[in-house]
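Novice: Sequence:
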Amino acid sequence: MKIHFQLTLLIISFLFVSCQKEITKADFIIKNANIWTGNVNQPNAQAIAIKGDSILAIGSFEDIEKSVGDATKIVDAQGKFITPGFIDSHVHLLMGGNSLLSVQLRDAATKEEFIKRIASFSKNLKPKQWIVEGNWDHTLWGGELPTKEWIDEFTQDNPVALYRMDGHMILANSAALKIAGIDKNTPDVENGEIVKNSNGEPTGILKSEAMYLVLNKIPALSDSQKEKAIKAAQDYLNALGITSIHDVDSLGGFDILKKIHSNNELKVRVYSADPLRNWKLLSNKEKIDNKWLKNRMLKGFVDGSLGSHSAAFKEPYSDQPTDKGILTANLDSLKTWITEADNNNLQITVHAIGDKANNTLLNTYETVIQSNGKKDRRFRIEHAQHLDRKDIDRFSELNVIASMQPYHAIDDGRWAEDLIGPERIKTTYAFKSLLDANTTLVFGSDWPVVPASPLLGIYAAVTRKTLDHKNPNGWVPEQKINVQQALTAYTRDAAYSSFEERLKGTLEKGKLADFVILSDDLTKIDPEKIKDVRVLETYVGGQKVYTGN
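Residue 4 is where the sequence shown starts when you use the working numbering, and the numbers rise one by one after that.
What the hints contain is simulated information worked out from the structure, not anything from laboratory work.
Among the clues, some could well be false.
Below, simulated DSSO-like cross-link-like pairs (lysine-lysine); rule was C-alpha separation at most 27 Å, straight line [to be verified]:
(1) K547 <-> K512
(2) K290 <-> K327
(3) K28 <-> K76
(4) K220 <-> K199
(5) K534 <-> K83
(6) K290 <-> K261
(7) K532 <-> K473
(8) K512 <-> K83
(9) K234 <-> K262
(10) K34 <-> K547
(11) K28 <-> K512
(12) K83 <-> K527
(13) K534 <-> K234
(14) K378 <-> K294
(15) K69 <-> K547
(16) K131 <-> K181
(17) K28 <-> K114
(18) K288 <-> K338
(19) K435 <-> K532
(20) K231 <-> K126
(21) K129 <-> K181
(22) K327 <-> K317
(23) K270 <-> K28
(24) K69 <-> K28
(25) K327 <-> K393
(26) K534 <-> K429
(27) K151 <-> K131
(28) K220 <-> K231
(29) K234 <-> K129
(30) K34 <-> K54
(31) K270 <-> K34
(32) K270 <-> K76
(33) K220 <-> K126
(34) K83 <-> K270
My request is simple: use the sequences and hints to build the entire structure.
Specialist: The structure is reproduced here in structure tokens:
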């Protein structure tokens, strides 16, 4: 018996030592932190242990101290606030990167400043080099639309195609109009407008589908230009605490992303969308679905934008009683594309701004669901800005995700009521109403239309204070949401909207170590101060990709 007892003790001792040896040691641990995990089962933590690109453990430092090894680096966060890495659910990646390299017009507050910046930028260009992006906002100088005459004398050798901030209107100069063959005899295109003056001459403003008469003449970016733009974009995004994006129009950038990834230079995770009309091409091409890159989403359009009067409404615009906006999609084609793409297990998201556009799209989604049968498809509507009250419950009933951009609310709130009146405004950017109806709400920016900062987005959703400071209690204040709800829309639910909720979106064991360290606790400070919070560090897969001041 004594021999057996000693043998048993020996076996137990061996197993204990073996188990001890098998405990995985962390590469590094952050302790003394104030962590908002996004995980409802463990909302807060004080320490996080990282191994490779994933979270080894999270909790109190005492909970994860057993993960400390001889080579483990321990960092004291000194009480700083940590959240899951932000996921921007609506980015135009290549456009955004290219805009960083082009003339900056977003905050040009006067006609004179607008002209001055273009004139200055053009001086450093080679002849025939295009001036693109820009993202101007004519409401900043009183609402007068720019014309080609404003800039022609400074851009004689350089064609110009500068977007209005919403992406549904461009200003083209005479050089660009000539290349496109546009003159006083050019008829309007379907679902678009060539704006002309009293003499019938094009002013240079092209709306919706008419934009492509010029945009299709712009030489395609070379691969090296695309790579430069994407690398500039990812640095910009990381500096804002963004670790993942949904690129809603790849514009040929996905192959460049694959190259950057293969060279271990990718620092932001990308879910890429192809045009809905090209669903067959995406269906037949290689599907990629790894931790960094994914390409099974399709993006379509139903209407334009509010600021250009091309968003589709059931009733006329308040300032233009004969204008109800534009449905830019052929509804039969839209239904066919969505039906077939859904049958091929591709995810569909469609741009809809006006109440008619959103109603039309919900009806189409409902028809497709009835036709194709129930499954976990996660249809999305991009923007979902102006809703008929009767349609709000339908998002949850149909499991349609509302992919919205809160910064637009504090921007549009300066002038939107003039366009659609006080009644329709009540369900504009209806964040709270959608959440109260159990809708999955996800947030993004629409960059480069607006700044990509999630902190500004959270500020906008929580305060709804417009940029002109004329709504101190918030614009349509009953649609405010709280900080936790806004954070969830930028993290956990954003991951759900791309079928990646098991991979990221919350800070919990086994998920990717994507997180951001902020200067202040968003859940404790005065909401007015959220816009001033600084990103201190951004981590993607456990690697620090940004350090602030």
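Novice: Against which earlier hints does the structure fall short, listed by number upward?
Specialist: 2, 17
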